[in-house]
Structures are given as C-alpha cells and as structure tokens.
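J.: Spelled out, the chains give:
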Amino acid sequence: MAAQLISLADQLPYLVRAIHALGQRSDYHDEAEELAQDLSSITAMVAAKFTNNRTAEGILEALRLTVGCISLGLAHAHLHDDAEAALDHLIEHGAERVFQRGFRLIKELSEMPEVAMLNAIDRAPQEHERRLRTTFTRYCEADANDYWTGYQTFRREWDNRSKIQATLECAKWLRKHHHNGAIRDLDMDADGVIAIALIFAIPGGGKIVAKAGQKDLEALLAALRNNKPDIEQSWNDFLNKIPPDYQPMLRERIEHLRTSPIITMLQTLSAKAKPTKAGLAKLFQELQNHGGNEIDVDYA
Amino acid sequence: MSINLPALRKEFTELVIAGSTERAEAAFSEAAEKFGDLAIVEALASIEPQVTSLHLSSFDGGKLSLATLLVPPKAWAESLAFFAAKWRDEDIEDEPEVLAEALFAHIHGVVFSTDDHDRRRALLKACAATDSGIMALMILFSMAPDDILETADRIDTMRNYVTAGSESEHDVVPLAVELYHATQDGWEQVLYGLFPNYMHDPDAVREQHASEDEDAPDAHRSTQELLYQLRKLVPQSKAKDRTVKKHKSLGSDIFS
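So the sequences go chain by chain: B and W. Heads up: the first sequence begins at 780 in the working numbering, then just goes up one per residue. Heads up: the second sequence begins at 41 in the working numbering, then just goes up one per residue.
Heads up, a few of these hints could be off.
Label-pair restraints from in silico Cβ distances [to be verified]: (1) E812(B) - K74(W): 36 to 46 Å; (2) D809(B) - P46(W): 17 to 27 Å; (3) A58(W) - D809(B): 21 to 31 Å; (4) D196(W) - E812(B): 28 to 38 Å.
None of these hints come from the bench; they were simulated from the model. Beta carbons: idealized from backbone N, C-alpha and C, even for Gly.
One chain only, chain B, in its complex shape (with noise of 0.2 Å):
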C-alpha cells in the first residue's frame, strides 16, 4: 500500500483553508472586510474574557483560540473537510455563528465528567466556570501555520468523556435501585459501584447491589457454599433487570471480571466449609481493589 503523503496546506486549520478559498475567488473584496472585522472582534471578545486584552501575548493567544474554535464549528458542520464548501458556510452564517457553534461544543464537552467520578467540589459554580476554561483553552488551541488535528482530538475527547458518563448514569441507576433502599451519598466511584453489583450479582436471583461491606462479604460467601450457582446464568439474570442502555457496557465489564483472579478466590474460599481469616482477609483486599471507596471498612 502505498504512503498517502497529505500536504500541510490540506491540513492547517479549517478556518485558515477556508480564507485561502477566500483568496482563489476573483470578487472577494466584500467578504474578505466582513471576515476580518468580524475575525478581530471575536478575538477582542476572547481576549477580554478569555486570556489578557492589554498584552501582546493576550491577544496571540486569543486568536489562535478564536482560529481553533471556528475550526472546530466549521468541522462539526459536516461539510466533508473541503475548503471551498467550509468558505460558503462561513460567509453564509457569518464568523460570529461558526465560533458561537465551536463555543457551544465546548461548553457541551466541559460539562462532561472527565473522570468516573462524583464529588461534592464538582458541583461549585467556580467550578464550572473553571472547566469551561480550561476546556477551551485545550481543545480551541490551534496555530494558524501549522497541522491542525484539533477536530479529531475533540472527538477523540467526547468519545472518552460520553463512556464515562454512561458508566456514572450506569452507576446512578444501580444506586437508586439498591436492594435494600436507595443510596444518596453525594461522592461516588462509579466503577467501583459496578465492579460491587457484578461481584454481588454472582449468587444468583437478579439481586442489585451497589455498596457492601465485611458481612456482606461473608453472606456472599454463604450463599456461594450453598447454592452453587451457575455464575453466567447469574449475571444473566442480573442484566435482565438492568435498562438496556447500560447492558452493552455491563457486558464488556464482565468480561474483564470473570478471568479476574477474584472469581477464582471466591470460589475455593466458597468450596471450603470454613474459610482461614487469611484468606477472608485477602479476599477482602481483592474486593476492594474492585470496589474502592464503595466497600464499607467498618464490619457493621
């Protein structure tokens, strides 16, 4: 197969290609006024709001983000990365609209959790306004003379985060349908909830479990000894009660556990009558690099 070479003209940012476009055109007088006046003033805005208006080195960085954004608005219009068409689009909507566009999927992506994570801190306005910063900053990025790949790292980027929100709404919904009583707590480790109600999901029955502690641990245990249950049949049952949303992702998290040495630990502990407190407590050690946070410490 032969190296697809690309030149660096086909892939500096989009809204740069589209002014080239601009400047192949014969008439472009009209156009080409209306894109710079509105091209400084986006930059001025950015700038004000953004990174530092009264400096040099404020307003350069203002404008390579004012390029990434409406890069990333023109990308995001699917009009199949062609110059000409992105220059069309531009002169239509106007500059304005295209970095409104780019600004709103930041926005959109800011809000996204970055991690499966819930905490208190998350939910400060501070914090919102921080992250939108942030976002913007990283993913507007982009320099005029140079490769500009801005557009497949932000999705690249929502691809992660949209994962990570499903398994913290996966683990919401596994919370509020505990089986003895919804948990509130405001901190939550998504994964580690997961990890909890497939381990706890192995006895059988469809049983939902999102936190345990030391006597759970010991009732699973029992019940393992007692019933010899058909592990895949079991996590059948548990999927079955789950929204088929989440199924997908549950199924992927099963298997990665069951060749995880947990199962095995739980099954020659389970096949003796009475298990060494060694080995209760190396199990429960294994549990916890599973369920984190969401494992009680505390034999209550």
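For this one, chain B is given, so just place chain W on it according to the hints.
T.: For chain W alone, kept in the frame of chain B given last:
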C-alpha cells in the same frame, strides 16, 4: 472648454497624498491659467479638509502658494482641524514652542498673504467659528501672554479704534487685533479660553500674571496643554457608510 472639476480635485488629492506638493501646486496654476482663479476656489472648497490641511501645512509665510491665496475661508478653517494630526507626543512634550511657531507661521501666512481686509476678516471669522480654530488661536496667543493682556487692555479702552501698536510687540499682536475686528465674540472666546478667570475678574488675572512669585500658578493655560487639546480635537475618521453587514452581530452572545 469647460473645466472638469472632479478630475482636478482627484488629481490634486492624489498628488498631495503622494507627498508631491509642488506638483499639486503646478496642477493648480495650470488650471488657474486655463480656467481662472474661481475654478481653483471651487476645487479647494470641495476637497476633503484633511487633504487641504496636508497641502497647506507645507506652506507658510516664507513660501507662497496659490492654494494659500485662494483657499475659501471655510475650507481653510476646516482644514485647520487636521493640522495637529501629525504632532507627536515627544514633540509636544519636548518642544511645544516649535509646533506653536509652525502653527503661527501657517495661520499668519494664510491670513496676511492678502492685503484684502475683507478676506482676512472672513478667514479669521471662519477660523473662530470652529472649536479647533479657537484652540489654534489660543495656542498662538499663549506664546505671548503679556502682549495679549496688554492688547486686551487697549481693546477695552479704544474699542474699534484699536490698532496694532509699537514694534516691540510680539508678531501675534496684529493677528489678535485683526481677530478683534473680524469677530468680537471670537476674540473674547480666545481670550477667556487662554485666561480662564479673565471674564470674572480681569484685575486678579493681571495681578496673578504680574506676580513674580515663581511658585504661583500661571494665570494662563500653557502652550503645551493647549497643543494636546488641539490634537484631541482632530476629527477621527469615522467608519462611514460601510456596506450593511449581512449578519447581525452577536456580540458577547458568541459565548452563549
């Protein structure tokens, strides 16, 4: 043969902007020979004031220009507003006298280039009818506050019979007297502008001015201060009737 006024205006404007005052002047004399002085007056009246200013400012009393002789009073007064556009901060700061002298040479040159009293007075009247004209005259007078105070005295006593007096006076005095004859309002405006307290208490102003106490504040505004003021009055090129924008501006809504 009829004169093509727009063509002359365009040629003149282009020559001046290109910095070629001599050739602009030559274009004028050629046109004057062909069509008469009136044609030049017409042309000068319709040329943009900043262009006129650029052209006129390269002439002063030492060099005579057809434009200086023929510029219509109103066009000249408007062009004065742009005189300060080229002044730099350093120059105003370091040598205000030089700038004031240049301004004086220009105004004096234009006003006294003619023996025609009516034209002189029309020029001064037009000049005193604009803010920048008043400010420019204040600058000139601020170069010789003593003589101006003295002239004010003489005007008070002699009214319409006042003339420029002895030869030891500053050159600005004849201009002041001429201004008084052209427009009394204008003269008073300039005087009160230069000595802010004069209207309320002329004696106190005289006293303050005569006082030898070096720490006492001046009774009159300084040349430098006035130069800054005049430069502030330079009309900014306004964003004029641009083609209507296709899109309504969103302003800071772009972040919403």
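J.: Looking at the structure, which of the earlier hints fail to hold?
T.: 4
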